[in-house]
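Student: These are the residues of each chain, in order.
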Amino acid sequence: MPNPYVQYVVNSALILAFATIGLNIIFGYAGQHAFGFPVFFGVGAYASALLSIDAALPVGLAIPAGALAAGGISALIGFPSFRLRGIYFGVATIAFSYVIYIIAQNWVDLTHGPMGIPLIPPLHLLPDYAAFGVSRDAQTRVVVMITLAVVIFMLDRILRSPIGRAWFAIRENENLASSLGISPLRYQMAAFVVGAVISGLGGGFYAHYVGFVSPTELGFHYIGVVFIMLIAGGTSTLAGPLIGSVVFGVLPELLRVAEMARNLLLGVILLLCIIVMPEGLAGIWKRLQAARARHGRRPVDVPMPVVTHAAEEIAQIAPSFSTSGSLEVRDLSKQFDGLTALKAVSFTVQSGEVVGLIGPNGAGKTTLFNVITGVLPPTSGRVFYCGREIGGRTPHAIAALGITRTYQITSVFPELTAAENVMVATHLWSCHDPFAALLRSKRFRTAEAAVERATDMALALVGLQASHQIPAGALSYGDQRRLEVAVALATGARFILLDEPAAGLNTEETEELCGLIRRLRVAGFTVIVIEHDMRMVMSLCDRIIVINYGRKIFDGSPGEAAVHPEVVDAYLGAGTANA
Amino acid sequence: MLELAFQQVVNGLLVGAIYALMALGLMVILGILRIINMAQGELYMLGGYFCYFASVTLGVGYFPAIILAMIAAAGVGVLMDRLAVRPLLRRPFYMVFLSTFAVSMILENAVELIWGPDPQNIPSPFSSSPIVIGPIFLTSQKLFIFAVALVTIVSFAAFLRWTRVGMAIRALARDRDAALLMGINADRIQSITFGIGAALSGAAGALLGAMFNVYPTMGQLPLLKGFALVVMGGMGSVSGVFVAGLMLGVAEGLTAGFLSIGYVDLVAFATMLVVLLIRPQGLSKWGKSGV
Amino acid sequence: MKLAIAACSVLLAGALANAAETVKLGIGLSMTGPLAYLSQQYLQGMKAAVDVVNKAGGVGGGRMLELVVRDHKGVPSEAVAVTKRLIEEDKAAIVDIDLPSTVAIAAEAVTKESKVPQIAGFTFAPAAVQQGNTFFFRACTTSDLIGDALAQSIVADKNNKTIAMLAPNDDYGRSAIKSLSEAIARFGGPKVVYADYYERTQSDFSAVLLKMKSLNPDSLFIDVRWPASLTVLKQMVEVGLKKPLFSSVNFYNAKLAEQAGPLLEGTQLSVAWAPVFTDPASVEFIKAYEAIFKQAPDDSASLGWTTTMVAAQALKAAGPGSDSEALRKALSNVDYKSPQGTVKFDAKGDASVAAHVLRFKDGGYHLVR
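Same order as they appear, the protein sequences are chains U, Y and P.
Residue numbers for the first sequence follow the working numbering, so the first one is 23 and each next one is one higher.
Residue numbers for the second sequence follow the working numbering, so the first one is 95 and each next one is one higher.
Residue numbers for the third sequence follow the working numbering, so the first one is 11 and each next one is one higher.
So that you can see chain U by itself, here it is in the shape it has in the complex (with noise of 0.2 Å):
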């Protein structure tokens, strides 16, 4: 048995483990800069201290409810700094984590103050009689260990599910989510709240093992060393943090020969770990792990459902939450600023058409999109679809009525592979139940198993099946805009807006988007394309709408467009008829 003190170390460094996997859900999975985060170990361990004093609640009780004191603390907290973006974000976490420590230092009627809070009475898993001299130390290791055990089983059946999905695709690329339907500020707002619930669990641990909080606790120094460790374990694996957790938890302690320069040794360290492990100790394994695999690896050769490429199959991929509608679109304006990017627009898409959407480059055609989807509101004027007033809503509620798009730029998940990429896409017609994901119950498998049968068929139809398991970031360039294809297909909508889907494809690549789409309107789909390529849109289109600064030139058949002289004036020029 080791001696207390080893047992101490050991001890602490296994509890800071939680504000470090609390840490990481935020962090590393939802991918949000939230410096000031750690802040909220020392929320639960005061909430917790606090409760089991002031409130008089057993200790066992008083653990969880700080943690979940710490949750709704952080629910304020969250709420409005999601608001912003980019560093601001992290600054207000870390201007949000100060004002609490200020509160600690200066609400002394509530918090005891600087003086902190002695006295916390003690976790006993057994009662001193029945411990057979099972030191307090070991009893608080097992119960630490077996709840840090609960969490990671816990969190490693949320991440494999549509939940840790949104978190990802969040992560990698917030509008391309909003637009499959996940509520961005929906998703950041769970991952921070169960993140802060997690990291208040271990400060709840801490308070009852040292017996006494401080201030101190809610200052820079922990939030410093919780993000040392979990960078220098690494933020893409379970273990990570607590690889993390567990060396840089023990290592100052074995500094301490070198007293004085500790930080600065550690410092050093971070500084190395940084440049020469970016992904930390645990990623350093995972790339052992991956080489072995590489090895051993044959050419990969996934049975796939032999695919007839027929439209039945296409609309059997995902299963349809919404019919195809027709989308109205009344005297549609947009203005930035000054520069009017759309001028009372107005037309009608009808179910089961295939527009194209033409015009020069710069005449607002990604602006009708983005406003039609909701990534930007109209200035005035309306839009409906199936009747129902979308003009202004989110991306993720116009997705939810069953419209979806592909970009004019590139737009993936970069670090996701093409399947993961693809599932994420299924997210409205997913179980994203919490409490299915974790019981893994039968509706939920169920549902898992349609995502993974979806996803194979999107991949096969657009000729990916082989690119599975390859990160999206990594594809050529073609590929990359085949799996968006296979993204939109995923997602269950029948109105899909395709913005420039041919671009630096080669005709042989141009005929097979072009068999697709003929295939999509056979199936019911509903399409508006905005396209350069003449020969393309006029065999394909039913009908073509040509903006040019704007305004809305012409609504008509192909042919007619072709000679139409102020289309012709604008944008086909005189060679065009003939095409």
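Keep in mind the hints are simulated off the structure, nothing from the lab.
You may find that some hints are simply not true.
As the list claims (entries may be wrong) - Straight line, CA to CA, 25 Å or less: simulated DMTMM-like cross-link-like pairs of lysine to aspartate or glutamate:
1) P:358 / P:154
2) P:34 / U:275
3) P:188 / U:131
4) P:253 / Y:97
5) P:347 / P:294
6) P:354 / P:76
7) P:354 / P:289
8) P:252 / Y:97
9) P:201 / U:131
10) P:122 / U:275
11) P:339 / P:123
12) P:57 / Y:212
13) P:125 / U:275
Got chain U; can you put chains Y and P on it based on the hints?
Tutor: For chains Y and P alone, coordinates are given in the frame of chain U:
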């Protein structure tokens, strides 16, 4: 009561000018290089310590010591850029955040080892006898420091606006690739920018250290207050940050005078949070809400 | 004859073994951080005491006293780790975890469970003896006693009707103002018109001094640590605030006297001890300290000296090979005439040594009470 307020305001302006100087150093690096330099507070602190070293150990005069401190801080800034920032250029931005955080730990501990953890005094040639203007009490030292801060800020703004190097820096801020295409040596300009940012914050540290004292952890809060000022003043706006700095100094003075000195440090954060929530893009019209 | 030689060698070996034996005092201090200076002085006082004790033969049975010092940075959770390490790895017989009071209290959780004697020589918080730890002994004064001593000086001037206060925003400062306010109230003294706490990181006091000036109190209690103390004195001149000044040992500082002597004139401050004391214990302490460190000791050093002497007395009384319980008993029976006053622990483990007041006059500190 009014007298008290007036005096607090005047006092606050003086301190605010130094805050602005500190924040400008941060803004230069953040706004132009898009780098969150968590060691900026330590550069401020080093400015103070170099001034101490120059005036006490080397026996240089008070005024030249401040200049030397700025130059030395600039040197440290360039070194930091080479060792801790450049190697991480391709990585996600939070890596630089953490590497500069590591540098801040190293610098703080190093100073502690060299000069000890206790605060050190920089002897000043100014007398303490107040200059009384009406109901207002001032000191010659405070006026001197305010003047130096003002001159530094104005010179910096002029430098950015009218010199070739200044224009190159602004070009780099707007569009790095375009600047490269124009033949601007991005790496060299980055180092220069880092050096300038370090010199500005170092100057603030030297000036403030001369007024009070220097200690190894003196850079922690000014860093965060600097962030608050950059956020409120708007990224890229020298005048915005200057005004924000003055306002912060005044707000802190009034808080200390009318509420409690314990809440003074809260002012910067509370104000920043309120501003961000009402106007996420900052106060200046140049401000953007994202980096 | 052979038997005699054998017996002698055994005895000699035994004596040598004993002579090599040391008793360790485990010391946890704030070697880095804002209280580093005080910690250093405290430690020097301890070292002087160790020197004297060991030169006089140690703590009985040929055992020499040894100090094991570890840094807890003033962070309570680190103090817990330090205490555990001192007990488990360094095998300290007695521990002293000090500066600030919060670390001593945090350490009590450890010493209570491990049943290891803990002496506090620099812990003024009244709460320290309220943790139910029978192994804890406080050998120094308390903020209540400090407040009592200073209050007597404050109420001595009948014209003193109002007072404004400033202290650090930590457990020391908060206790100081609380104890002083209560003592003044008990003696029917001036009304406290303003009390504020400054954060360690703040160095500009002009705003709060201005505030105090506007309230026009009759006297001031300004308890500010070095070197902010110098800044405060200078800024008082700068804002034109001149009132009778009361403070604590923080204003008992050679550098402060040197650089701001005239500004300190007339100030009264409470201390645990000062080199101007002339009692035999103080004289002995000053002589021993100066012999080693070639300079006069201060308040903190005297506290370190006393703690070590108390520990030594208890160790001698308990004798070699004694366990923790015997040590504890020996400590509870200690009766030691320290430079600060008589150290005798009550049932709660509190020595309740009275504090003293000095006045700064004509460039020097003089004892008032």
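Student: Would you pick out the hints that fail for this structure and give their numbers low to high?
Tutor: none
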